[in-house]
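From first to last, the protein sequence lines are chains A and B. Each residue of the first sequence is one higher than the one before, counting from 7 in the numbering used here. Each residue of the second sequence is one higher than the one before, counting from 90 in the numbering used here.
Source of the hints: derived by calculation from the structure; they are not laboratory data. Please read all numbers here as calculations on a predicted model, not as lab measurements. Any given hint could be a false lead.
[Stated by the list, open to error] Here are the simulated BS3-like pairs of lysine-lysine, each with C-alpha atoms no more than 27 Å apart in a straight line:
id, chain 1, residue 1, chain 2, residue 2
1, A, 101, B, 106
2, B, 188, B, 106
3, A, 82, B, 106
4, B, 142, B, 165
5, B, 239, A, 8
6, B, 239, A, 64
7, B, 165, B, 106
8, A, 82, A, 106
9, B, 106, A, 96
10, A, 64, A, 106
11, B, 165, A, 82
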Amino acid sequence: MKSLAELEQIRNRMANKINVRNEAGEEGNTRIVVGMATCGIAAGARPVLTAMMEEIEKRNITNAYVTQTGCVGMCKYEPIVEVYGADGTKTTYIKMDAAKAVRVINEHIVNGNVVAEFTIGSDK
Amino acid sequence: MTELSLHILDIVKNSTKAGAALVEVDITESTARNVIEITITDNGCGMDEEFLKGVTDPFKTTRTTRKVGMGLSLFKTAAELTGGTFDITSKVGEGTVVKAVFVRDSIDRQPLGDMASTMVTLVSGSESTDFVYRHDFNGNVFEFSTVQVKEILGDVAINTPEVLAWINGYIEEGLQEIVAENI
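The shape of chain A in the complex, shown without the other chains (with noise of 0.2 Å):
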């Protein structure tokens, strides 16, 4: 059962492991982008969103972070989830879901390998 002393647990040992995952902000971070406006929400943003969030913490990433931004302005491509890449770098991919969303933080974060099917100039 969840309880808040399990929360004061995981705080105690967050706190002793500090500065072990980056700053969010900081450079040499990898920023993963999720839409989540309306069209996003409707089109499965959520579960792309909370899979990618699961995978970062199941495998310890501590080189990337996920946010979330409003309507890109693309929404027949929804879900759509933009990779900006610690070298300036930006990937677009497109009509994500949740297995797709696993697949990219394996490929592209941990083994630095776009996965070119998903992207938005596969698109036909």
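Since the structure of chain A is already known, use the hints to place chain B on it.
Relative to chain A, chain B alone:
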């Protein structure tokens, strides 16, 4: 939208965009009265009377990418389809209250869906906003408050992945408990 919890996520996003410091989500489910009441109260910037009049019109929006805004009109339609009601009140500088009542056993009533996921998405999306989520199921009440969570966390950020995972589990289990007590 396929779940009430997705509507809630969308509507509360309006509140955070309106600069609210506190957003309260109240859900009352009553099998005796055959309703699910959802009330979202924020202390954001509010709207003037003229904007409020047309706010459930899909061609009314503050967004700048295009001239259509669907959020409130979808929520209103979802409630009215079940035979329920929708009401929004707002005051400039004070905030906004959105209340939707759903007829619980209507075939058109969407499932509540994953409220834990909705709250985690909100908390991770705007860490400086406080959220209170109260869920009353036939008189059994579960409450989650980021004010309380932040007090316990001290200087550990609420949007660290470990904390978000805890919040997800805490809400899931809390909701299961208030429903189970009724069976």
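Okay, the hints, checked on the actual structure:
1. A:101 x B:106: holds, 25 Å
2. B:188 x B:106: Status holds; Cα separation ~19 Å.
3. A:82 x B:106: holds, 23 Å
4. B:142 x B:165: Distance ~14 Å between residue 142 of chain B and residue 165 of chain B Cα, so the pair holds.
5. B:239 x A:8: holds, 16 Å
6. B:239 x A:64: Cα-Cα ~23 Å, so holds.
7. B:165 x B:106: holds, 20 Å
8. A:82 x A:106: Cα-Cα ~17 Å, so holds.
9. B:106 x A:96: Holds, at roughly 25 Å.
10. A:64 x A:106: Holds, because 16 Å separates the two Cα atoms, which is no more than 27 Å.
11. B:165 x A:82: Answer holds: residue 165 of chain B to residue 82 of chain A is near 23 Å, not above 27 Å.
Hint compliance for this structure: no hint is broken.
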